[in-house]
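In our numbering, the protein residues as written are -12 to 170.
FYI, nobody ran anything at the bench for these hints, they're computed from the structure. Any given hint could be a false lead.
To be verified - Capping the alpha-carbon separation at 30 Å, the derived lysine-lysine pairs in DSSO-like fashion look like this:
(1) Lys52 <-> Lys119
(2) Lys52 <-> Lys122
(3) Lys17 <-> Lys119
(4) Lys120 <-> Lys17
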Amino acid sequence: MQSFSQDFIYAVTCRNQKTPKQVLLTYAVKTLTGNVELIRILSRLGHGISYSQLEENDTGLCIEKLDSDHAEQAIIPSNIQPNVFTNIAWDNIDRLEETLAGKGTSHRVNGIALQANVFGLHLTRTKLTTVKKTKQRTITTTNEELPLYIAGEREGPQLQFPPKVLSPKHEIISKKEESKASI
-12 MQSFSQDFIY AVTCRNQKTP KQVLLTYAVK TLTGNVELIR ILSRLGHGIS
38 YSQLEENDTG LCIEKLDSDH AEQAIIPSNI QPNVFTNIAW DNIDRLEETL
88 AGKGTSHRVN GIALQANVFG LHLTRTKLTT VKKTKQRTIT TTNEELPLYI
138 AGEREGPQLQ FPPKVLSPKH EIISKKEESK ASI
């Protein structure tokens, strides 16, 4: 029923009101398949936003984070309320593509933060910068080169093993045993 209601709102508003289903379904399809043509088909059928809108949303989120205060210790979503108990879960999702060299495999980390709805007074939050709606789909950044770090030669523990030699019978014996046998 909820999915049908969101489709109805999306259709009646001529795709101006983006509902959670239309946005999240498109993100899920992009994450799981990466197939742009499938996203276009879902958009034409009214089940999701277009691929260009998806890229605009990603770019807008990136610009918001770049413009936010860099003094924050951690980058958290803007809708997380401070001083409210939060459950956070992260999962490493590695796709097990089989390649000979091991290159080209996917490694992703997904996270979710859950908070209960808190009714009443909320602490004031610092004002976030508003990102104007643009058709921008890419972002240019300054390339900050990290300094080279060379710690030196790698050292390990010094291991002492008695030297081993092969006997004429192809058995492995130590030199001590060989010297005793020759006496």
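How the hints compare with the structure:
1. Lys52 <-> Lys119: It holds: about 14 Å lies between the C-alpha atoms, which stays within 30 Å.
2. Lys52 <-> Lys122: It holds: about 18 Å lies between the C-alpha atoms, which stays within 30 Å.
3. Lys17 <-> Lys119: Holds - the C-alpha atoms of lysine 119 and lysine 17 are around 24 Å apart, at most 30 Å.
4. Lys120 <-> Lys17: 22 Å, holds
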